[in-house]
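> The residues making up each chain are set out below.
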Amino acid sequence: MATLKIEDLHAQAEGHEILKGVNLEIKGGETHAIMGPNGTGKSTLASVIMGHPRYRVTQGTITLDGEDVLSMSTDERARAGLFLAMQSPAEVPGVTNSDFIKSAMNARLPEENNISLFKFIREYDKAVAALKMREDLPHRYLNDGFSGGEKKRNEILQMRMLKPTVAILDEIDSGLDIDALKVVGENVTEMKSDDLGLLLITHYQRLLDYISADTVHVMMQGRIVKSGDTDLMKKIDEKGYDWIKEELGIEDERVVPEKDERILLEDCATKEAFEK
Amino acid sequence: MSDKTKKEIERIIGDYKYGFKTDTKPLRDTGRGLTEDIVREISAIKNEPEWMLEFRLKGYREFIKRPNPTWGPDLNKVNFEDITYYKKPSEKSERSWDDVPEEIKNTFDKLGIPEAEQKFLAGVGAQFESEVVYHSTLEELEKQGVVFLDTDTALKEYPELFKEYFSKVVPQNDNKYAALNSAVWSGGSFIYVPKGVHVEKPLQSYFRINSEQMGQFERTLIVVDEGASLHYVEGCTAPIYTTDSLHAATVEIYVRKGGHCRYTTIQNWAANIVNLVTKRALVEEDAHMEWVDGNIGSGINMKYPACILKGDRAKGTTISIAFAGKNMHQDTGAKMIHLGKDTTSSIVSKSMSAKGGKVNYRGLIHHAHSARGAKSNVECDTIILDKESTSDTLPYNIVKNNAAQIQHEASVSKVSEEQLFYLMSRGLSEEEATEMIIMGFIEPFAKELPMEYAVELNQLIKLEMEGSIG
Chain A
189 MATLKIEDLH
199 AQAEGHEILK
209 GVNLEIKGGE
219 THAIMGPNGT
229 GKSTLASVIM
239 GHPRYRVTQG
249 TITLDGEDVL
259 SMSTDERARA
269 GLFLAMQSPA
279 EVPGVTNSDF
289 IKSAMNARLP
299 EENNISLFKF
309 IREYDKAVAA
319 LKMREDLPHR
329 YLNDGFSGGE
339 KKRNEILQMR
349 MLKPTVAILD
359 EIDSGLDIDA
369 LKVVGENVTE
379 MKSDDLGLLL
389 ITHYQRLLDY
399 ISADTVHVMM
409 QGRIVKSGDT
419 DLMKKIDEKG
429 YDWIKEELGI
439 EDERVVPEKD
449 ERILLEDCAT
459 KEAFEK
Chain B
2 MSDKTKKEIE
12 RIIGDYKYGF
22 KTDTKPLRDT
32 GRGLTEDIVR
42 EISAIKNEPE
52 WMLEFRLKGY
62 REFIKRPNPT
72 WGPDLNKVNF
82 EDITYYKKPS
92 EKSERSWDDV
102 PEEIKNTFDK
112 LGIPEAEQKF
122 LAGVGAQFES
132 EVVYHSTLEE
142 LEKQGVVFLD
152 TDTALKEYPE
162 LFKEYFSKVV
172 PQNDNKYAAL
182 NSAVWSGGSF
192 IYVPKGVHVE
202 KPLQSYFRIN
212 SEQMGQFERT
222 LIVVDEGASL
232 HYVEGCTAPI
242 YTTDSLHAAT
252 VEIYVRKGGH
262 CRYTTIQNWA
272 ANIVNLVTKR
282 ALVEEDAHME
292 WVDGNIGSGI
302 NMKYPACILK
312 GDRAKGTTIS
322 IAFAGKNMHQ
332 DTGAKMIHLG
342 KDTTSSIVSK
352 SMSAKGGKVN
362 YRGLIHHAHS
372 ARGAKSNVEC
382 DTIILDKEST
392 SDTLPYNIVK
402 NNAAQIQHEA
412 SVSKVSEEQL
422 FYLMSRGLSE
432 EEATEMIIMG
442 FIEPFAKELP
452 MEYAVELNQL
462 IKLEMEGSIG
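Just so you know, the protein sequences line up as chains A and B, in that order.
Each residue of the first sequence is one higher than the last, beginning at 189 in the numbering used here.
Each residue of the second sequence is one higher than the last, beginning at 2 in the numbering used here.
Keep in mind the hints are simulated off the structure, nothing from the lab.
Every residue gets a Cβ at the ideal spot worked out from N, C-alpha and C, and that includes glycine.
Do not rely on the hints blindly, as some may be mistaken.
What the hints assert, rightly or not - Derived coverage of chain A by chain B (criterion: at least 3 residues anywhere in the stretch with Cβ under 8 Å from a Cβ of chain B; other residues may be distant):
id, region
1, 266–272
2, 275–282
3, 289–298
Only chain B is shown next, with the shape it has when bound in the complex (with noise of 0.2 Å):
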């Protein structure tokens, strides 16, 4: 590499240092634990449709009643009543980093978030604790009808079509923390991209949790109609505390007929982040959605992005990545479920534990009675570093009709020896070889991102796996 590549290297990733936190006061602040008071205060500080108010409330009662999950991760360390569940750091989402207040506009400086929307991205959005601080998109796309805003300002300007498409793919009722999202949700990005309008630069959102023991709740709803495409990119982060902060977020999105949707997410959580996510997307005829997934970073992780491929020749693939360092628990995978005739799914997982991290897929292929021709190829490979760390893959395929394929391959591997001392006999160390040997592993993943983010991933990664060789 040349030094000026090294340079604008360094230039884009910057001081690679998101543990930081920003001293701010909030607004509003709902205090810690949640109660159905808490849920009505919420929904009066937004100023929401009784409606609104209504679905908050179901959502809340079904949190209570549902006990956690009895698989995966131990979610029983969570204290509920520890956690602020929501709470406003500014008065509005502005569409001018002038108008952020200073100190929360440092924040996503420090993260290079307004450069990186110069340079190549068509809108971004960010969101600080429970609201979104900012939000803009090139004028070009507004004037072909393209919407993106933050989720709360959405239901005031654009309700019916927000009603329309609102926790269709995602009721209140799907699990324990959709139920609790659904109660005390805040923030996220709606976006609509009309008929055959193509965004040709990718949409960001930047999510941020500052504070010790808070609990971030955004909600994303993407509508993607018929012919049209998009490429949405989502960006988290937390500082390091001694204590959990709860981040259970819910993603929908509809890809219309003929619709193509790319959602990339790299997630970078703190390992005191507990992350519980639901994401889906309703796929319809002739249309594709991608779950690019990049998990590097949180304590606990619970996320299986899904695709229900409704439509006939509906496509869905899912590529991620998943690392499990010092105190992470990653359990993640993908979800298809096949209803339409000739629908086809991928599924590549790429894993990796070091220093004692643990990281399992869990994947679910369901091929359904009126899913004749289906076709669904999953790969899992997963590298462990050391001893300490483990992994596991638990994969459900369900077929219920008699033509339809499933292929599954899987791998377990080390870092063989034979590629490290080849590597290394050509004057490679050997923590430079066995970066290189990673980073070929996550290739498939990585060369599916826009190169800055590729860049940063590869960082990320770098930084992550530091001292665990040798």
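Looking at chain A on its own, in the form it has when it is part of the complex (with noise of 0.2 Å):
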């Protein structure tokens, strides 16, 4: 049973301090949600854990089961047994979804005890029919042309295979219909067990109806505001936010800037500036 303990974790992005003091526990067999308006720091707590290149921790710890969380790069902190399921997964062309989680599976187990080949297969071709994914799934490029739908899925087949200890699911219900959100949850739901401590990021209550969480958290201006149970978790499906800011004197409740997005002229020719 594995516990992830944050105390007072400040983190900041191009000298914006974003996360103000973080405190949170998960253990083996709990589900946390931690809900809030937009821009209040919960993606960015989501990709601090996991050690995102873009963010630098300035006070407070992190630990996995007493382990050092944030002296660990990101490939050793998902060896370790963190596990998150991104908002916008990046697409990787030329490597396919099968070589990619088997290089990941791989990556946990001693160099001379590779998983068989044909044990994969068959874990993997039952992942993608739980998911209910396309057939051919284990031969596209690692999210190259997802539907964001397809890609939310691709996320939790992802967690389905690497089995983590503590899993952070940052906005898995956006850009999903209900269908889809029904076979996430299941998915999801069918995967907890005392093994597994369970992170929900969200706006939208609806994604509760599909996993059931223990404790919700509200995240506002870079901290954790307010913590309850199911009680909190409907006042804030019927009443929304602002009552909370009102109890708490809060006025703006953001922390993250608005994002730049112009585009250099020298960038013009690129991709990835077609994309933007």
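Using the supplied hints, reconstruct the complex from the two chains, each of which is provided in its own coordinate frame.
Shown next as structure tokens:
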């Protein structure tokens, strides 16, 4: 049973402080949900836990079973048992889904003890069916040309294969229609066990209809400002967040600056610029 | 990957050390430098007809007369006086590996050639320094009339066929290094595929330079007759020395009406090889020429495989990768000359540079006045792996009629931070993740190769990239 413990976590991006003292503890078997309006630092928290290079931790600690997570590289964190289902997963052309996930599984095993091809294919086919994905998924390139919903389901599929001890699902519900949300909900619920701690990040209460949570936290101004159980969830569902702001005397809950989307002239000829 | 697959791949690749050298005593050696007498001597050793000697001498004069190109990498560092232009390693081209001199056979054993031959090739040629030491074709192909010989033997055994096609696509005065090749050419492959014959398995030639300051000048001539098809593969390696060797080959291909030729190169020269190769195909009506061109090594590489799309609806395809590592300058690309109506061409170029390497794409699309309805598509993608490395894209497009189309797309990027983070967040180390992104980048090329070569290519790239991360 793993425990992820976050204490007084402060982090900044490009000199701008986004996380301002987050405290959170997730144990195996527990499901926590972090809710809150846009721009309050929820996704930043997810990225910081996984070690995204854009963010710099300036204060506080993250430990997994007492081990210092902040001193680990992103891949070490993954191998230690952390998993992040991303809001917008990267596309990697030329790398097939099956090659990728096989390599990721082998990265967890000692070199001489790679997963057998037969066992892998059996497990993978099962996961593809469970997530109701296209049968040719193994041969398609990683997220390349995937619809928003396919990308999200592919994240959950990877989670199934990699069997993390603590998984963070960052807005797994965004861009999913009801049917897809149901499939995702069923799969995540099926994975629940005492060996898995779950952190759901979402704007909407509706995700929690499909994946039940024990504890809900509200994030504003880069901190968890309120925690509670199902009653709090219901209240947010009915009344939104304004009452919390009033209660706590918060005027502006946001900490994440609006993204600067200007394209520099020198970037105009690149593919990336067109995709923006 | 299971242990079994891994072992299988290990077995295919074997011990990856192409940098070794073999101690051999050549039977003949013209010494350093090049004079008219040496050209005559080479022709005499080969006991050639008079017309070929004349051809060589014309080439020699052209070579002396012409200056180095004023564009591209600086070739003035090549010292022609220091190079040995002809070295004969064995008495003759053998049809059995048992008859090849032991130490030379060992070289090709280490390179895995006889093994590949048994497994998946229809014929193999192996050239060591200036001469082909081994050549063999499956009997069934010979029965179908397919000719696969070293070029010297072909000149003797098929003089008329040879003369009909030789030097018609690449004349002696084409460029300085085609002129040099004309003067001192030796070895290479001659292939004739008769009308309607499909060669199912690839034919392969392997070119090995063994000595320091050696020049290798093979000349390959391929004729794919009407409705016939062929896949030809060439590989090249050399030991690592401190001084440069020169490789200046000429490849001429005729794809007759409705024919199909695929020419695959995996060139892995050491960084002390200067590689200046002229490759050109003449493509007739409804025929298709494909260049699959992998450039991993060599200090300077200038190579622009060309298709002259002469017949109506002829098709030309080039898919290439170039990797420039430490001390390497790759100046490669493709040329498509459209003459016939409704001709089509496609160029996909994937370039990478690391550890201070320089990789350039230089290409030409020419739609002549007669090429009405011609269509071309060019895609050039580059990944630069670190701050020391560079890349330029130099496309030339000439359109001389108003019913033609050219599409050009180019991108230059670094390995993306988001992609790296994504792969690493699943447990892959930075090195594994980078490697995976690069392999994905060259996948459009790798998937065109026979499996064994794709595996080898991946290993080569990994080897070149080693230490370029972190």
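> For every hint, state whether the structure bears it out.
Evaluation of the provided hints:
no.: 1; hint: 266–272; verdict: holds (count 4)
no.: 2; hint: 275–282; verdict: holds (count 6)
no.: 3; hint: 289–298; verdict: holds (count 7)
Violated hints: none; the structure is consistent with every hint.
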